[in-house]
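*Asks:* Listed here are the chains, written in short residue letters.
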Amino acid sequence: MSNTVLYDHPGPRARIRNAVLTVVFGIALLALLWWVYRKFDEAGQWAGPLWKPFTESNTWMNFILPGLGQTLLAAATGMVLSLAFGIIFAVGRLSEHRWISVPAGVVVEFFRAVPLLLMIFFIFFGVPFLIQGPVPAFWAVVVGLTLYNGSVLAEAFRAGIRAVPRGQAEAAYAIGMRKSLVMQHILVPQAARSMLPVIVSQLVVLLKDTALGYIVAFPELLQRGVNDLSANFGNVVAAAMVVATIYVILNSLLTMLANWLDRRSQRRGKAPKEAGTPVSAVPPGGDGTAIAI
Amino acid sequence: MHVFGDSANLDATVAGFLWILKLTGASAVLALVLGVLLAAMRVSPIPVLRLFGAGWVNIFRNTPLTLIVFFCYFGLYTTLGLTFSDDLARNIYWLGVVGLSTYTAAFVCEAIRSGINTVPTGQAEAARAIGLTFAQTLRIVILPQAGRAVVAPLGSILIALCKNSTIVGTIGLMESASVMKDLINANGDAVVPIFLVFAGVFALLLVPTGYFFGWLANRLAVKR
Amino acid sequence: MRITRVAAIAAVAALSFTVAACGGDDGGTGTGGSKATGIVGKAESSKKLVIGVKSDQPGLGLQTGSAYEGFDVEIGKIIAKGLGVDAGGIEWKTTTTPNREPFIQQGTVDLVIATYTINDERKQKVSFGGPYYIAGQDLLVKTDNTSIVGPESLDGKKVCSVSGSTPAKRILAEHPKAKLQQFDAYAKCLPLLDGGQVDAVTTDDIILAGYAAQPQYAGKFKVVGKPFSSEPYGIGLKKDDKAGCAKVNEILTAAASDGSYKAAWDSTLGKSGTPAPTLDTSKLTNCPAV
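Residue numbers (my numbering), protein chains in the order written: chain A, 888 to 1180; chain B, 19 to 242; chain C, 15 to 304.
Here chain A stands alone, though its shape is the one from the complex (with noise of 0.2 Å):
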């Protein structure tokens, strides 16, 4: 539905109302920010010296472009492992035999519940005890990344395998394709594509949270930006406005990325009719875990 049809075409009385309405809030806006602003002034928070190491290119090339060198990159492994994890547990927990498909719904409830700051904790404190040897800063935020938000899209998958009309499987076995045949050829690949902007959406939660991995000193974004460098200049609020910029350029435009997805997969019409926005997408009983948060 198109927002115009939840309200008329303004007349005289309602343009009026409508432009007094901006004013009065654009201006409420408009203090509030010169109202936050004037407080960090107060506070020297604008002060030259904590932002001039911003104009400094040691300040990029030594912290925060290798630190978000490293964010991407636990990104990047982190979303492959995760989608081979969701999509070999969404298969499992499908499963006919339930010898596969009760113990991949319990691995895929079990991590989906546990915070990923616990997770992270625990593989990089933990499991070295257990394994008699270290485990890299890296391994222990990727792994977690993984085991995370692999169980999210193990269910984004499922219900998009569900949502794949019930013919195509059915013609797929009448032509005489094997289960196996069926998944791999039919099922996966249309619900992978119908997916798809969830699958990117689920790509910013992941690189948001590879922020966590400051915690275990993994040297990413956040500890090289924000940690080490205000150790060094005295600047640590400045630092996160300037890093928190740039989470939300590199993320609007992955977000922008998984709308054109969407509204191109909408409008070549090739997933199915009744799912055309990625939450209406799971069907009325499946358990949203559509949504990526």
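Quick caveat, the hints were computed from the structure, so don't treat them as lab data. A quick note: this is a predicted structure, and the numbers were derived from the prediction, not measured. Note that CB positions come from ideal geometry on N, CA and C, so glycine has one too.
Straight-line distance between alpha carbons at most 25 Å, and here's what the computed SDA-like set of lysine to any residue pairs gives:
| hint | chain 1 | residue 1 | chain 2 | residue 2 |
| --- | --- | --- | --- | --- |
| 1 | C | Lys183 | A | Leu1005 |
| 2 | A | Lys1066 | A | Val994 |
| 3 | C | Lys236 | A | Gly931 |
Covered by chain A, per the in silico footprint, the following chain C stretches (three or more residues, Cβ under 8 Å):
| hint | region |
| --- | --- |
| 4 | 66-78 |
| 5 | 116-122 |
| 6 | 204-215 |
| 7 | 219-233 |
Pair by pair, the computed Cβ-Cβ distance ranges are:
| hint | chain 1 | residue 1 | chain 2 | residue 2 | range |
| --- | --- | --- | --- | --- | --- |
| 8 | A | Leu920 | C | Glu188 | 42 to 48 Å |
| 9 | A | Gly935 | B | Ala72 | 30 to 36 Å |
| 10 | A | Ile1018 | C | Glu135 | 22 to 28 Å |
| 11 | B | Tyr229 | A | Ser982 | 17 to 23 Å |
| 12 | B | Tyr229 | A | Pro899 | 51 to 57 Å |
| 13 | B | Trp233 | A | Gly1054 | 27 to 33 Å |
| 14 | A | Tyr1060 | B | Leu69 | 48 to 54 Å |
| 15 | C | Glu135 | A | Lys939 | 40 to 46 Å |
Based on the hints, put chains B and C in the right spot on chain A.
*Replies:* Just chains B and C, lined up with the frame of chain A:
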């Protein structure tokens, strides 16, 4: 299990989970109210409101929660002087609630907006035809129907909120993840039991919550 | 031969970055063949060492761009040199307060030189060479603050420290009336002290002095100057590496007499004019008996 036999450790663990529950509870209410308001803004006839809603969603949904919570401490509290309580932990708790609800509201808003999209156009047209205003259309006709469609996604958001509340530990609240880290560091020989207890409590809280929302969504689904 | 050349190039590269590295003259002369284990064996056979240092403590262990600098880093170079590893063979690794023991136990790093207090609890997990410096827990307050003169005046006051650190634990245990704000890094405590949200920051005096001396805080803070604990800084290594521990102490003893210890101090913490402490070699007794 000697770790949790020590009453100090047990108390810290219980206190940690109580913080998680309190954070989740307060933030869930605030985020829901804020999210519905933002969604209403995003579909409203007034451009400034639409812009504000879109800006909120795009900024807060794309920033790591760790940074949002950080700004609540170093922006709202340290710089703007917003103080909720003289008690250190209470103050951090409320700052955490502000951060969590700010972040979560962006997701609630988007879920409700897609819920609004599932309501057939005819419903809104009929509402307008009988002379309802925008606010009335939204409140009486659209949101109740959209609400039923978003029960499942809202459930997922609630679960994520509960897990995300561990991040408030990064500004110094001794919630469960911080307690677990301390216990692991102090008891290297009992790492697995410690993890299983903490992860187990979360699973015990959240897996049933997930199934409950699945069941509720099924019951409330609008049959069309 | 190729390895030697690569190591030499790396050493030159590292030298151009670091201020006070004292030569890589003995790179690549390893004889090999000996079957020594622990850090001594590793240094001999591979000519490489991984040393864990702090990345966020000015004057002690601070990551500036691509390099690390500070007193702990200089001590690390002295130890490495004594083990026959030149500056190019050292891989610096950031350690944080809670992950120092795990890093040693799991072999992520060979040595930890990161404001690492020797105590009995930690001795059960790792062994310590040193101490190479005796610090003490102290308080950092605003320059004009006269009400906080020691830990006894902390009742009802807000104190900031790093979660899981010895200073934080001591405040919790011995001064329960103080309100403790905990973060993951001291760098986050300083803006709070500056803004008046906390009344004091507490950790070892030497760390506090490093922060107080940073240009952006110059003149704003002072160290109270009444240390209320003794924090002997050790060099952490694997618990069973008795030979390595003895060797570290041997190197420290030599460094105390040949001036390299003083040089390490003067080029880092001593820059503000504080004279170098004397390294009391009679206290190097923490190694487990061989």
